[in-house]
Amino acid sequence: MEERLYDLIFIARPATPEDEIKKVVTSIEHACTEKGGKIEKAEHWGTRKLAYKVAKHREGMYYYHQIRTNHGELITELERRLRVQDSVIKYMTIRLDEDLKRQKKLTDKREKRAARRPRRPAATPAAPAAPAPEQQAAAS
Amino acid sequence: MADEQKQGQEASAAAPRAEGAPSGAPSGAPSGGGHGGSHGGPGGGHSGPRREGGREGGPRREGGPGGGPGGPRRGKRQYFRKKKVCKFCVEKMDLIDYKRADILSQFVQERGKILPRRMTGVCARHQRWLGVAIKRARNIALLPFAGSAAGSTAPRAVEAQKS
Numbered sequence: 001m002e003e004r005l006y007d008l009i010f011i012a013r014p015a016t017p018e019d020e021i022k023k024v025v026t027s028i029e030h031a032c033t034e035k036g037g038k039i040e041k042a043e044h045w046g047t048r049k050l051a052y053k054v055a056k057h058r059e060g061m062y063y064y065h066q067i068r069t070n071h072g073e074l075i076t077e078l079e080r081r082l083r084v085q086d087s088v089i090k091y092m093t094i095r096l097d098e099d100l101k102r103q104k105k106l107t108d109k110r111e112k113r114a115a116r117r118p119r120r121p122a123a124t125p126a127a128p129a130a131p132a133p134e135q136q137a138a139a140s
Numbered sequence: 141m142a143d144e145q146k147q148g149q150e151a152s153a154a155a156p157r158a159e160g161a162p163s164g165a166p167s168g169a170p171s172g173g174g175h176g177g178s179h180g181g182p183g184g185g186h187s188g189p190r191r192e193g194g195r196e197g198g199p200r201r202e203g204g205p206g207g208g209p210g211g212p213r214r215g216k217r218q219y220f221r222k223k224k225v226c227k228f229c230v231e232k233m234d235l236i237d238y239k240r241a242d243i244l245s246q247f248v249q250e251r252g253k254i255l256p257r258r259m260t261g262v263c264a265r266h267q268r269w270l271g272v273a274i275k276r277a278r279n280i281a282l283l284p285f286a287g288s289a290a291g292s293t294a295p296r297a298v299e300a301q302k303s
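As you go down the protein sequences, you meet chains S and Z in turn. Going by my numbering, the first residue of the first sequence is number 1, and it counts up by one from there. Going by my numbering, the first residue of the second sequence is number 141, and it counts up by one from there.
Please note that the accuracy of each hint is not assured.
For the chain S half of the interface with chain Z, some residues (derived, Cβ under 7 Å), not all of them [what the hints assert, rightly or not]:
1) Ile9
2) Asp99
3) Leu106
None of these hints come from the bench; they were simulated from the model. Fair warning: this is a prediction, and the values are worked out from it, not measured in the lab. Heads up, the beta-carbon is just placed ideally off N, CA and C, and yes, glycines get one too.
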C-alpha cells in the first residue's frame with residue numbers, strides 16, 4: 001500500500017483537565033508507533049465555539065493531527081480508541097493524499113502553462129484570437 | 141464578433157445590467173452596439189459595446205470560470221448573477237481547505253445553506269469542491285447544518301437533534 005496522509009480532528013469537552021487530554025494524545029501516539037504511522041503535525045486549536053450543540057456542549061477543545069501511514073488499519077484503531085474516551089465528543093478522519101495529489105497536479109499544470117504562455121501572444125496576431133485560447137486553457 | 145468577445149472580457153461592466161431595467165422595451169436585437177447609445181440615459185455610458193439582449197445563451201457563458209455579465213433585469217425575471225469571476229480561480233486555489241471556516245462561511249447563507257453558484261459566481265469545479273469542504277466542516281462543527289454561523293443563539297428544535 002502506498003503512503004497515505006490523514007487528518008485527524010477530535011473535539012474534547014470544554015473543561016477537560018490537561019492530563020486527560022494527555023492520555024488521549026499518548027494513546028494516539030502509541031497506536032501510531034505500534035502500527036507504523038508517523039505523526040506529521042499535532043496542533044491544538046484551543047477552545048472554540050461549536051456551530052451546534054454536541055453532547056449538550058456549546059464549546060469544545062479542538063485537537064488536530066496529521067498522520068502519515070502505510071497501514072489503513074491504523075485509522076480504525078485510532079477511531080476505536082477515540083470512541084472509547086469519555087472526554088472526546090466528536091472526531092473525524094479525512095484522507096488527504098488524493099486531494100493533495102490533485103492539487104499538486106493542477107499546480108504543476110498551471111506552472112507549465114505559465115511557462116509556455118509568453119510565446120503565445122507573439123504567435124497569435126489578432127486580439128480576439130488571443131483571449132479564446134487563454135480562456136480555453138483556463139477552463140481545462 | 142469582436143464586440144461580443146470584448147464584452148465577455150470586461151465582465152466587470154455593471155452598466156449593461158443596471159440600465160436594462162429602465163428600458164422596459166423588449167430589445168430583441170442581439171447586437172447592442174448600435175442601439176446602446178440611445179438607451180444610455182439612466183445608466184453610465186462608459187462602456188461602448190453594450191448588450192441588452194439577455195437571450196443569447198451561448199456568448200453569455202463564454203470563458204471557463206467567467207460568470208459573464210447578467211441579462212437585463214426585467215422586473216419579474218430576476219436574472220442577477222455576480223459579475224465577478226470565480227474567486228478560487230482568480231486566487232488559483234487548488235485545494236479548498238475544510239478547516240478554513242472563515243473562507244467557507246462566505247459561501248454559506250445566514251441560515252447555513254450553501255449558496256448556489258449563480259449567487260457567488262463560483263465555477264462548477266470549485267463549487268463541487270466547495271460543497272465537499274462545507275459538508276466536512278459541518279461534520280466537525282465548524283459550520284452549522286442549519287442556523288446562523290455565529291453559533292446557537294436561541295434553542296431550536298434542530299439543534300436538539302444534533303446533541
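Status of the hints after comparison with the structure:
The restraint placing Ile9 (chain S) at the interface with chain Z holds, with a minimum CB-CB distance near 5 Å, inside the 7 Å limit. Interface hint at Asp99 (chain S): satisfied, since its Cβ lies 6 Å from the closest Cβ of chain Z, which is below the 7 Å cut-off. At its closest, the beta carbon of Leu106 (chain S) sits 4 Å from a beta carbon of chain Z; the interface hint therefore holds under the 7 Å criterion.
The structure meets every hint from the earlier list without exception.
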